[in-house]
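S.K.: With the sequences and hints as input, model every part of the structure.
Protein chains: 2
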Amino acid sequence: MPRKHSAADAPLRLDNQICFAVYSAAHAFNRVYKPLLDRLGLTYPQYLVMLVLWERDDVPVKDIGEKLHLDSGTLTPLLKRLEAAHLVKRTRSSEDERQVLIALTPQGQALKDKARAVPQSILAASDCSVSELVAMKDEIVALRDRLNAVIGE
Amino acid sequence: MPRKHSAADAPLRLDNQICFAVYSAAHAFNRVYKPLLDRLGLTYPQYLVMLVLWERDDVPVKDIGEKLHLDSGTLTPLLKRLEAAHLVKRTRSSEDERQVLIALTPQGQALKDKARAVPQSILAASDCSVSELVAMKDEIVALRDRLNAVIGE
DNA sequence: TCACATTTAATTGTTCGCAATTGAATGTGG
DNA sequence: CCACATTCAATTGCGAACAATTAAATGTGA
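Chains A and B, in that order, give the protein sequences.
For the first sequence, the tail end lands on 153 under the numbering used here, and the numbers increase by one without skipping.
For the second sequence, the tail end lands on 153 under the numbering used here, and the numbers increase by one without skipping.
Calculated from the structure, these hints are not laboratory results.
Treat each hint with caution, since some may be false.
Unchecked claim - Okay, the calculated bits of chain A under chain B, using three or more residues with CB under 8 Å as the criterion:
# : stretch
1 : 36-43
2 : 76-88
3 : 120-131
As the list claims (entries may be wrong) - List time: in silico DSBU-like cross-link candidates among lysine-lysine, alpha-carbon distance up to 30 Å:
#  : chain 1 : residue 1 : chain 2 : residue 2
4  : B       : K112      : A       : K34
5  : B       : K137      : A       : K137
6  : A       : K137      : B       : K34
7  : A       : K114      : A       : K67
8  : A       : K80       : B       : K137
9  : A       : K34       : B       : K62
10 : A       : K114      : A       : K89
11 : A       : K137      : B       : K114
Ideal Cβ placement from N, Cα and C applies to all residues, glycine included.
M.R.: Here it is, written out as structure tokens:
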């Protein structure tokens, strides 16, 4: 009775790993987003930062980091690039000089209108109903939060 | 009737984006994996390459790239680091000298036994039944494949 | 056979992502 | 008031990830 794989190896098989499903799905999203975001002059992580700022402007770096689960080592250079692109302004808070507040420029605000086309294109590319996507999103978020709970945050 | 957000903005809200759910879940996985893989001396992408090689040894770089959706720009330096760690051997194929074949060293093979503990720890961290995880994985893979179909691969 | 296209890795340059450290500003206990 | 810890952003260094290019090997058609 020949077997291609040992049963003991099943947990190590690539196709059985949910982490690889998530990892490769994230890269697939990135590739779908790329041509859309190129038109806005943004990378995907930059787009995420803009999403945060379009919801609430003039926030410290730390708040952005908490929402996106990113630290200053990632955000500081990214925000400097957004500033070089004239989409945001970085200013030290006068109340607390440790903080740097990130505010949208008029161009940064204006980009929001062009960005509205993006979620529509992604929905189309997903080839899936909105309700299915919402259900999946909620499941994935729940899993993510359980993982984050383990590493204590 | 004051509203915090315009309904027209709903598609742009961070928490409504499945892509961000996937993106942040991938990073959460990475953080859970990190202490486990540190013990093996591997990064997460290196672990993925080892998973491929533990299933099938002595494969060209291109095959690894197709399974993991990565290109030579990512894999070449990664494989050189695995070679420097004495886990793999890189040799030009004699039949087709364009190809570089990746083979496990005895140490690379031996690492598989230490790696068996990893999926168990991840399962525990997920705080979720195996059947639920399998169902989620299949959904995410299906979504990923639909996205990949759009960008043509 | 020979020009030409294709395939395969490697290389270069840019941007993330994170650990670890630094330095300045702020908060706190004695 | 002052030593001390904490907070916050910036910096440094390393490892992905990918686009674009290069170079060598191989395949193909006239």
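S.K.: Decide, hint by hint, whether the structure agrees.
M.R.: Going through the hints against the structure:
Remark: the stretch 36-43 of chain A is not confirmed as covered by chain B, as 0 of its residues place a Cβ nearer than 8 Å to a Cβ of that chain, below the required three. Check result for the stretch 76-88 of chain A against chain B: violated, 0 residues qualifying (beta carbon to beta carbon below 8 Å, three or more required). With 6 residues having a Cβ less than 8 Å from any Cβ of chain B, the stretch 120-131 of chain A passes the three-residue criterion, so the hint holds. About 36 Å separates the Cα atoms of K112 (chain B) and K34 (chain A), which puts this hinted pair outside 30 Å; it is violated.
In summary, the hint linking K137 (chain B) to K137 (chain A) is supported, as the alpha carbons are separated by about 13 Å, within the 30 Å threshold. With a CA separation close to 24 Å, the supplied pair K137 (chain A) and K34 (chain B) stays within the 30 Å bound. With a CA separation close to 23 Å, the supplied pair K114 (chain A) and K67 (chain A) stays within the 30 Å bound. Taking the CA atoms of K80 (chain A) and K137 (chain B), the gap is about 37 Å. The hint is violated against a cut of 30 Å.
With a CA separation close to 23 Å, the supplied pair K34 (chain A) and K62 (chain B) stays within the 30 Å bound. Of the supplied pair hints, the one linking K114 (chain A) and K89 (chain A) holds, its CA atoms being roughly 20 Å apart against a limit of 30 Å. Proximity of K137 (chain A) to K114 (chain B) is assessed by CA-CA distance (about 33 Å); at most 30 Å being required, the pair is judged violated.
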